[in-house]
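Please work from the sequences and hints to get the whole structure.
These protein sequence lines map, in sequence, to chains A and B.
Under my numbering, the letters of the first sequence match residues 1 to 267, in that order.
Under my numbering, the letters of the second sequence match residues 1 to 267, in that order.
Hints in this document: simulated from the structure, not taken from any laboratory.
Hints should not be assumed to be uniformly reliable.
Because identical chains cannot be distinguished in the list, a pair is counted as satisfied if it fits within a single copy or across any two copies.
Quick list of in silico lysine to aspartate or glutamate cross-link-like pairs, DMTMM-like style, CA-CA up to 20 Å [stated by the list, open to error]:
id, residue 1, residue 2
1, Lys-36, Glu-77
2, Lys-110, Asp-24
3, Lys-73, Asp-37
4, Lys-148, Glu-133
5, Lys-36, Glu-159
6, Lys-157, Glu-190
7, Lys-41, Asp-201
8, Lys-148, Asp-126
2 protein chains.
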Amino acid sequence: MTRDSLVSQIKDKKSFLCVGLDSDLQRMPACLSGEKDPVLKFNQEIVAATHDLCIAYKPNVAFYESRGAEGWKTLEETMKCIPDNVFTIADAKRGDIGNTSRMYAQAFFKNMNFDSVTVAPYMGVDSVAPFLEFDDKWVILLGLTSNKGSADFQMLKSEGRNLYEEVITRSQKWGSPDNLMYVIGATHPEKLAQVRSLAQDYFFLVPGVGAQGGTVEDVVRSGMNDQVGLLVNSSRGILYASDGPDFAEAARAAALNLKKKMEEFIV
Amino acid sequence: MTRDSLVSQIKDKKSFLCVGLDSDLQRMPACLSGEKDPVLKFNQEIVAATHDLCIAYKPNVAFYESRGAEGWKTLEETMKCIPDNVFTIADAKRGDIGNTSRMYAQAFFKNMNFDSVTVAPYMGVDSVAPFLEFDDKWVILLGLTSNKGSADFQMLKSEGRNLYEEVITRSQKWGSPDNLMYVIGATHPEKLAQVRSLAQDYFFLVPGVGAQGGTVEDVVRSGMNDQVGLLVNSSRGILYASDGPDFAEAARAAALNLKKKMEEFIV
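Written out as structure tokens, the structure is:
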């Protein structure tokens, strides 16, 4: 998907909500227990109930991988039920030497037709570059993550700059606002404004709203740019809003609640 | 596998060779084209031809993942053909927030019974800890990688210490020489000795010998400790020693060549 298409979608829907498909077999509503593939059915229902409210879906690859080849099949089938005009993110945190990153790019971009994949920066330019060679596909590079462990290395200072700042600055030589975004956690609202000043035209994927403590208002205040520039993710708060047979309706209500908070900020 | 068992295996076999199973469907010998699963057959033949010469196998997960659910099936089946007393490494470079790393640990440790998995450190302690909760399973944390991009962030200096040194030092608070190893590329022999001084009792997984330019002698000189402490990996040089029907024999010869260089260093 091109950046123009993504921005148009955001303006049309008046939403920058990303729904995280962290779909856990252990947490499926009891009403799906008779299904051949409960997780697939769950994802299909969630997508049907929310795709007019969100602009992206983000399957968390670990949740599928933890079920082996069968889980991969569910992931492949899930991709087929997401409308083409909704942005898709393989949340995979991959990254390896060049020939290996190329294989990961094949898995997500070619085989499953994801629009983007999250990539870890530790191994540097040749671990990221193979993902940037595809037209209209995106790398979403880890910048400042939402978890407690983000303090361990991302905050280390080198010549006055934190590691995450160095990652965000240096990687702009590898990609552009048309094929590169950053993961910036909503749990650091004070840092979001500073990161925005380092990467004004780039989209940020922002986890950490809801369960982890961040709010839409804080994220907008610190992180929005003139093309919105934000994909705000919610996973558990939407997926598990109800564990009854009304799970899809409840997911829709939770998504709508977040989307309404976003509407007013989109002109 | 316990550290004692790993060390015993190294002493018994007089080898610290790890064979990297970067088995690429595009590079399979023509003689396997009639097989239902050429990569599985290839891996079975490679393992049969080399398991008395090496002490570990390291499937590169990207090469399987790039073939989707089918590739995962091949990986699962490959694990079944590796003898129990040989150490296994899922070269996956995973790492995410706690609940997600737990899912990856499930995939590799529980479902496929790997002894270890390679993990990227960028997200810090809570991304690594879930992998350390399994008895006799190992995290192999990226320290200083063998690729060109290792210079981008791993070499950044903070308070006089490079990032990779900080990773190696800090992570020793999370694990111990009984469940934690480090990836240290053979392409930096001068750094290997320095890393050894930071982590004297830890095993290092050392890629970059052969195709990437490192030698066994250099690695031993700089990196060996009193329990050997090294797993030296070779992938392409062994797997693709011949593309004819003698591929397994040729792989054995290439593995034997490396193993002979190792023998003399093991007392």
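Structure-based check of all given hints:
1. Lys-36 with Glu-77: within (13 Å within a copy, 24 Å between copies)
2. Lys-110 with Asp-24: between (25 Å within a copy, 16 Å between copies)
3. Lys-73 with Asp-37: both (10 Å within a copy, 18 Å between copies)
4. Lys-148 with Glu-133: Answer is between; shortest inter-copy Cα gap is 18 Å, intra-copy 33 Å.
5. Lys-36 with Glu-159: Neither, since 56 Å and 56 Å both go past 20 Å.
6. Lys-157 with Glu-190: within (17 Å within a copy, 25 Å between copies)
7. Lys-41 with Asp-201: neither (37 Å within a copy, 49 Å between copies)
8. Lys-148 with Asp-126: between (28 Å within a copy, 7 Å between copies)
In terms of the numbered hints stated before, the structure departs from hints 5 and 7, listed from lowest to highest.
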